[in-house]
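Participant: Its first residue numbered 1, the sequence shown is counted upward by one per residue in the UniProt record's numbering.
No lab work stands behind these hints, which were simulated from the structure alone.
Be aware that one or more of the hints could be misleading.
Restraint ranges, calculated between C-beta atoms of paired labels, are given here [said to hold, decoys possible]:
no., residue 1, residue 2, range
1, W321, R448, 33 to 41 Å
2, K65, T111, 50 to 58 Å
3, E338, H31, 43 to 51 Å
4, I525, R575, 43 to 51 Å
5, R589, K260, 46 to 54 Å
6, E236, V367, 39 to 47 Å
7, L160, A4, 24 to 32 Å
8, Y597, K267, 22 to 30 Å
9, F436, W321, 15 to 23 Å
10, Y215, G522, 39 to 47 Å
11, L408, K28, 50 to 58 Å
12, T400, L433, 31 to 39 Å
13, G522, H31, 53 to 61 Å
Small disclaimer: the values here were computed from a predicted structure and weren't measured.
Where is the CB? At the ideal position from N, CA and C, for every residue including glycine.
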Amino acid sequence: MSGAALGLEIVFVFFLALFLLHRYGDFKKQHRLVIVATLLAWYLCFLIVFILPLDVSTTIYNRCKLAVNSSPAESNGSYVTLAPSKQKCFKPWSYIPDGIMPIFWRVVYWTSQFLTWILLPFMQSYARSGGFSITGKIKTALIENAIYYGTYLLIFGAFLIYVAVNPNFNLQWNQLQTIGIAAANTWGLFLLVLLLGYGLVEIPRSHWNGAKRGYLLMKTYFKAAKLMTEKADAEENLEDIMEEVRKVSESIKYNHPLRKCVDTILKKCPTEYQERMGRNMDDYEDFDERQNSYPSEKSLAKLHKQVIYSVQRHRRTQVQWQILLEQAFYLEDVAKNESSATRQFVHTFHSQEPENKIIQYFYTPTVEWYWECLVRPWFYRVLAVVLATFSVIVVWSECTFFSTKPVLSLFAVFIQLAEKTYNYIYIEMACFLTIFFLSICVYSTVFRIRVFNYYYLASHHQTDAYSLLFSGMLFCRLTPPLCLNFLGLTHMDATISHENTQPTAYTSIMGSMRVLSFIADGFYIYYPMLVVILCIATYFSLGTRCLNLLGFQQFMGDSEMTSDLIDEGKELIRREKRKRQRQEEGENRRREWKERYGNRDDSTRSRAVHTDQKESSFSETNANRPLSKYTRSNGRTERDRIELLQDAEPLDFNADSVNDDPLESESGR
């Protein structure tokens, strides 16, 4: 089993990152480099979270071996004896051989840092560029990132000059490397605490509110009103951009040097706009450079960038609107079925997507009713209580993890109790649950936040390339300080425990933070206490209230604006529901008409074909009798007219008024 757990987790984490990226990204339409870079960033960050518990258990085993093999005289040396010298150490099932973890962490860490500070910012600018060639996009990306890269180079250069001039400093390469790591972790920890303070409160509260059907329905109505406004704005913006594209397309003719750029822009437009512009364009007119003023390539690149953004936003709002409608219809069905006497869940509309037969077999209407109306609310309440308990433990440990005598951090207490008995399964499970909960609180906030329309992670393949790359940058910057914070909570970091013990392989590549004592003994210890203030602010929704005062509509139960938007969204959902019902009624009428009169139409057509064959054979043998031929031709025309009348669907169909014999109906007229 040596190294097998590491290999299994590497494979599992890869498919997990691939699944999440498939949910938010679009493999068919987005550039392959964007998909690969984002997948690599997400994969490395998730890998650190999943592999770190194995590093902790392996480190505890190595400490035990050193304690057993060391003599009492040697116990005062490099390592402290953590167990009696005669105690036997049991190798964990997930033990990783020496020398593998340091190399593994070094590759993972520096690759993620290269992605977040160099490659992903460049690819962001490249993805948003409106250039028409690879060279043009690279040039635009370099210009946009010149200030970004120049700022870091200026700060680093000033620091090197200060170190070189000051004789009191004698820094070596490994110390400079540690300073760089500390600077990156400081920036990440600053953002980490902000996101963690929001997630520790919002995640338990969202699950508690998930048990309230009325609350969810009102919030869905509120989202519908806001999304309709955004949807209308996206449609209006797309119309304006398409009008500019139409003018440019009409002014730049087929033999103009910039016509290739215009064709590239047209390919990014929706199909209906392409067809409309194609009908109104006359490619046989030559351009006259002296009479008309043509746009430059720079203005076309700007227009190309606007087209990409407006089309993506319009498509995203359309898909989100359909998803929100399905969610609203389902919540209304749940509210109706709660008082059902049959205890079978009845849907207002059938699912548009084909359901899995296995799911249909087990998830019957009765099972669905018990789950949605009885079990699910209580399940969400219990889960919310469990998550709230974890949040309280995290907040307490963040405020007390610097205390080593006595040990006040609950996570450190749990790990030390398991370390005495060398229960590696318990150690790995406790470490995994702790870091997994911290990751959920931080990463879920990254998926929820929205910076206007520039950064927005939308599910169902509606996230643009810029937002995917930006999320990869955030993950790579947040994960290393998150893991260091976890090791501090469990006292596995020697900087926190102040013990001269063997460090984990992860902290060994970070170097000794004693080079910057004001960061190691100050910022890393006391700044995480700020999470208490952030949790209180999130609990009382201070941020939501501030955004509401600034004009950004937020869901607040005691706000008049919220009530108006709920009423507006309710009316929108009711209108869409009536529209959906009319469509289904029309489809049902057509289906009933086809089932009732489809066989009769087939028999009529077969009789017509048989009669035509007789007519053709009769006309060939009786070519000298034109009167008979014309008579039969007129009869065929009459039958064709009757057949067309049978295929037509009446506007107001009534089964009682339909005559069984179409010929009698025709003769009656």
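Participant: Confirm or reject each hint.
Facilitator: Results for each hint:
1. Roughly 19 Å separates the CB atoms of W321 and R448, a value that falls outside the hinted 33 to 41 Å.
2. The hinted window of 50 to 58 Å between K65 and T111 is violated, with their beta carbons roughly 31 Å apart.
3. Hint check: E338 to H31, Cβ distance near 48 Å, so the stated range 43 to 51 Å holds.
4. A hinted range of 43 to 51 Å is violated for the C-beta pair I525 and R575, which are about 57 Å apart.
5. Our hint of 46 to 54 Å for R589 and K260 holds, since their Cβ atoms are close to 51 Å apart.
6. Separation of E236 from V367 is about 45 Å and conforms to the stated range, judged on CB atoms against 39 to 47 Å.
7. Restraint check, L160 to A4: a C-beta distance of roughly 45 Å breaks the suggested window 24 to 32 Å.
8. For Y597 and K267, the Cβ-Cβ distance of about 46 Å falls outside the hinted range of 22 to 30 Å, so the restraint is violated.
9. Remark: the range hint 15 to 23 Å for F436 to W321 is contradicted by a beta-carbon distance near 34 Å.
10. Checking the proposed 39 to 47 Å range against Y215 and G522 shows it holds: the Cβ atoms sit about 43 Å from each other.
11. Range check, L408 to K28: about 53 Å between beta-carbon atoms, so the 50 to 58 Å window is met.
12. Roughly 19 Å separates the CB atoms of T400 and L433, a value that falls outside the hinted 31 to 39 Å.
13. Evaluation of the 53 to 61 Å hint for G522 and H31 yields a failure: the beta carbon distance comes to about 44 Å.
Of the numbered hints stated above, those contradicted by the structure are hints 1, 2, 4, 7, 8, 9, 12, 13, listed in ascending order.
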